[in-house]
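So the protein sequences, as listed, match chains W and D.
Going by full-length UniProt numbering, the first residue of the first sequence is number 1, and it counts up by one from there.
Going by full-length UniProt numbering, the first residue of the second sequence is number 1, and it counts up by one from there.
Read the hints as simulated data drawn from the structure, not as lab findings.
One should not assume that every hint holds.
[As the list claims (entries may be wrong)] Listed next, the stretches of chain D that the computed footprint assigns to chain W, with coverage defined by at least 3 CB atoms under 8 angstroms from CB atoms of chain W:
1. 137 to 150
2. 235 to 249
3. 274 to 280
All C-beta atoms, glycine included, are put in the ideal place defined by N, C-alpha and C.
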Amino acid sequence: MSTTTVGAGAGIGTSPLRPDGTLKVTGEFAFSSDLWADRMLWGATLRSPHPRARIVGIDLTGAVATTGVHAVLTAEDVPGKKLYGLEHADQPVLAMGQVRYAGEPVAIVAADHPETARRAAAAIVVEYEVLPPITDPVAAIDAEETVHDRGNLLRHVPIRKGSLEATAPVVVTGEYEVGMQDQAFLGPESGLAIPAEDGGVDLFIATQWLHGDLGQVADCLGLPPSKVRLSLAGVGGAFGGREDVSMQVHACMLALHTGRPVKMVYSREESFHGHVHRHPARMWYEHGADLDGRLVYVKARIVLDGGAYASTSMAVVANATTLGVGPYKVPNVVVDGYAVYTNNPPCGAMRGFGAVQACFAYESQMDKLAAALGLDPVDVRVRNALEPGDTMPTGQVVHGPAPVADLLDRVRAAAPPAQRGDDLRELPGGVANTTHGEGVRRGVGYGIGIKNVGFSEGFDDYSTARVRLEVVGGEPAAVVHTAAAEVGQGLVTIQAQIVRTELGVEQVTVATADTTVGSAGSSSASRQTYVTGGAVKAACEAVRAAVLRRAGRDDVTLRGGRLVTEGGEVVADLVDVLGDRPIEETVEWRHKPTHPLDPRTGQGDAHVQYAFAAHRATVDVDVELGLVRVVEIATAQDVGRALHPQSVRGQIAGGTAQGLGLAVMEEIQVVDGLIRNPSFTDYLIPTILDVPPMRIDVLELGDPSAPYGLRGVGEPPTISSTPAIVAAIRAATGLALNRVPVRPEHLTGT
Amino acid sequence: MKPFAYQRAEAADSAVATISRTGAAYLAGGTNIVDLMKLGVTAPDLLIDVTGLPLRDIEALPDGGMRVGALTANSDLATDPVLRTRFPAVALALLSGASAQLRNRATIGGNLLQRTRCRYFVDVTKSCNKRRPGAGCAAREGEHTDLAILGASEQCVATNPSDLAVALALVDARVELLTEGGPASMSVHEFFRLPGDRPERDTNLPPGALITAVVLPATPIARMSTYRKVRDRSSFAFAAGSVAAALDVRDGVVQDVRLAYGAVAHRPWRAYAAERSLRGAPATVDNFERAADEELAAAKPLRDNGYKVPLIRNLTVGVLRGMTEASW
Ligand SMILES: Cc1cc2nc3c(=O)[nH]c(=O)nc-3n(C[C@H](O)[C@H](O)[C@H](O)COP(=O)(O)OP(=O)(O)OC[C@H]3O[C@@H](n4cnc5c(N)ncnc54)[C@H](O)[C@@H]3O)c2cc1C
């Protein structure tokens, strides 16, 4: 694994070229699926075809007898703990006596060729006693039949604020549904485990959280954490789908068992079964408002289908619930969120993490409220917009900028897109020549969302950074080392920019993320620039303090490789101060602590920081054919401070596109617990022809409690683009559309 | 994947002889059969690669027709200037299919023999009468939004996924074959079939036969033809429904018309009833609607695919209205 030197250039606030950018677009970047080691074996996984069954017997003979096979392992061979999980260890490394979802790993094989491994896995005979699957999450809550012994209710989060009996002159109600979305990252799960001489193992893996994996892998292998070393391999996208362990333990088991390196790469179909998805949601909402459209109360019930194992469902439901009324002032709130076990595919982290589902419901409700009162949908939102100093339904006070009304005003004021032209590419159906505009109607819709940044509810959320300053080839150079996962978001570049800014050196090398340095936490929850960025900044400050101590000065900054006074006088060269004695500091950095929610009332300062984005969507709908073309998106988001403005825009455009996918096409179709469309032919993600031009308005209002004032960027754009697009389709068609994704069959009717 | 042997065909007749004898399969572009082999849906012992055979010519026939070699790439045919004048619907249908990369690879013969996208057909753990006769049909009660509304049987509700086939049905194309008994030819209408109680058969192609060419007979009305496809995203997706149409309107009256529907049945669906209803009638939206309704009266939607009825109806009307306006 190599280290990365970020190209010449600049500190924070500029957009230097990403070191991985050119390699990725030219196809030269080494992803985890490109890993290779001498004498390497290939792993394969046998998965359950049934969503719920008892395992009566497993006959391995056929696999063991296959020429070229080196290991065939089942649950009995798991050396340590047999269960793992991010929040709650309930998921078997390999199925033990029963399977709870279709796709659950039952046995693993290592062979000298990937096809041999697959064939050997297929030669394993598992005798199942098939049971009827539990697939309806609402019915599952208090069903007699349970997926696990502990019952089907994973977590209930109640939020109570103000009066439970509040009434209002205007009441709107609605029932909403969100389908199961997939992260659809392009690089399938893959990794390479290499047995080490000390009896431990080195794992090269595409993941979001090296130390999260480390703890679970070491436990399951029965090894001390010091004997399990993880290094980040090239990650082909994540979006939450790599927060849970997939084949990490399997590859290590096979490597330790055979004494040879073992590589595993999932196929696309296997990938659909091999990672968690976005929770499908059923939501019931009631909004009460006065005659001016000011909210009096919100009551809601949110049911998230967690699938067969817990993953991060407990945190996802807390997000859906605590953010469940949106970025609005609501004096009286009764929200109940439930995460439920079923025999459906497990669900967990995906960009937006619970906030996505709730936003679709509460924004649909705000439009209903506007319609009920004959008000403009943006006016209703602005009238209720959260402001600094307001309290959330959890009682948490919103500190720092909360430009909810401003964001809405900005997208409303953006110039509207041009009227439809005659170019076929600009019509619904695009180049398919589907329409000549006869039944095409235009609609405009709005959405605004709120997201928490970072881990919540008292979780000890921190990151570790090690920064070394030394002289290399007569020049001052810095090395920054963290365990933070670059998953495509541009974190490597950001780390180098921070070091450049803080230490005033040109040459910055970002070491490969691995577990020889402390945890950085996960590349999720829009947190990594905040938390690892904060850690790198703090480590740089410690290094700078050491430089100043060594130089015996306290009145200088580091700039251009020199120690410079405020007045601009150069007092020393960094090279001379460092000499042949590098300075290295390692810092563990934490944001301000959060607190648990009261289990009865849901009150508590559970979140670190709130982030907001607003969208205006303009769509053309061919009402005769049920086709939607999103014509344009205008979006505004407060990012606090844009450390790399180009990446910020990339995150906003990409997140918006992912929200568009959820609005009009992306859904894992699960029937009786079985995924019906585990391929990119059948699971549709937007192509470039489906993604419209975007007007992106970036605000930098500065959060005084965050490093550089920054605000997490990655998730908010995904959250509000979905309801804005659906609102626009409703405006064009007059249809209720209470479910996403909206598909042609919902628009043409039957 | 099951192990298989691979051979390159030296000559068409020896390839036909081997395939007829062994039950092996032809390999053309491989964009469909290889996927199906990976999924275990099909498992030939031997693949005979025919891509080296000289079957790539696109001939413009003097009578106004065309003959297209079976191994012609979809993209090559789609961009042929003669085709675009004589048979625009065929060019549009080809261009609406798959992606640029796939069209470069996929052949005309392979396109006609691509298998249904029914999710139960491609999932070997599920019951499917097409894959395993007698096993039952999981799609009827399962996920079937994209499946047939016309001409289905108790045993099978699969649709033919080919866009090209719909345009070929419009122009009464013929398929030229080489069989063990020698050259033969059949109309696309005989070639494709409804599932009936033999859903395992997609077509009436004789066992072992090699498709050598597709002939587009001279069809003056086809110069005024088009193809429109509805799908869930702007490109790179199979049809939810499609219409191929050719229309000759003079003085506001339909002189002649042809209509074919895609993604509604086990075969491309020539809408003869709608054509009959329109011939000689004034070219009005009302008449277009009535014609579509007459055709779709036979539709028997399943639980979740009823949307295809209004979709095809509106598509028919939209296409015919557009063509009528263009002819003024
Ligand atoms: C992701 C994806 C999207 C697609 N989207 C569309 C779409 O939107 N519309 C559409 O119409 N199609 C679509 N296709 C299908 C594609 O058009 C077909 O896969 C392709 O046309 C098949 O041609 P081929 O040459 O690759 O056939 P092969 O895969 O090589 O062969 C297919 C079958 O035909 C047989 N065969 C091939 N040639 C001959 C011959 N000359 N004589 C006798 N038998 C023969 C083979 O034995 C095999 O059974 C899509 C395919 C993919 C993978």
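To see whether the hints hold, each was checked on the structure:
no.: 1; hint: 137 to 150; in the structure: holds (count 3)
no.: 2; hint: 235 to 249; in the structure: holds (count 5)
no.: 3; hint: 274 to 280; in the structure: violated (count 0)
Violated hint: 3 only; the structure is consistent with all others.
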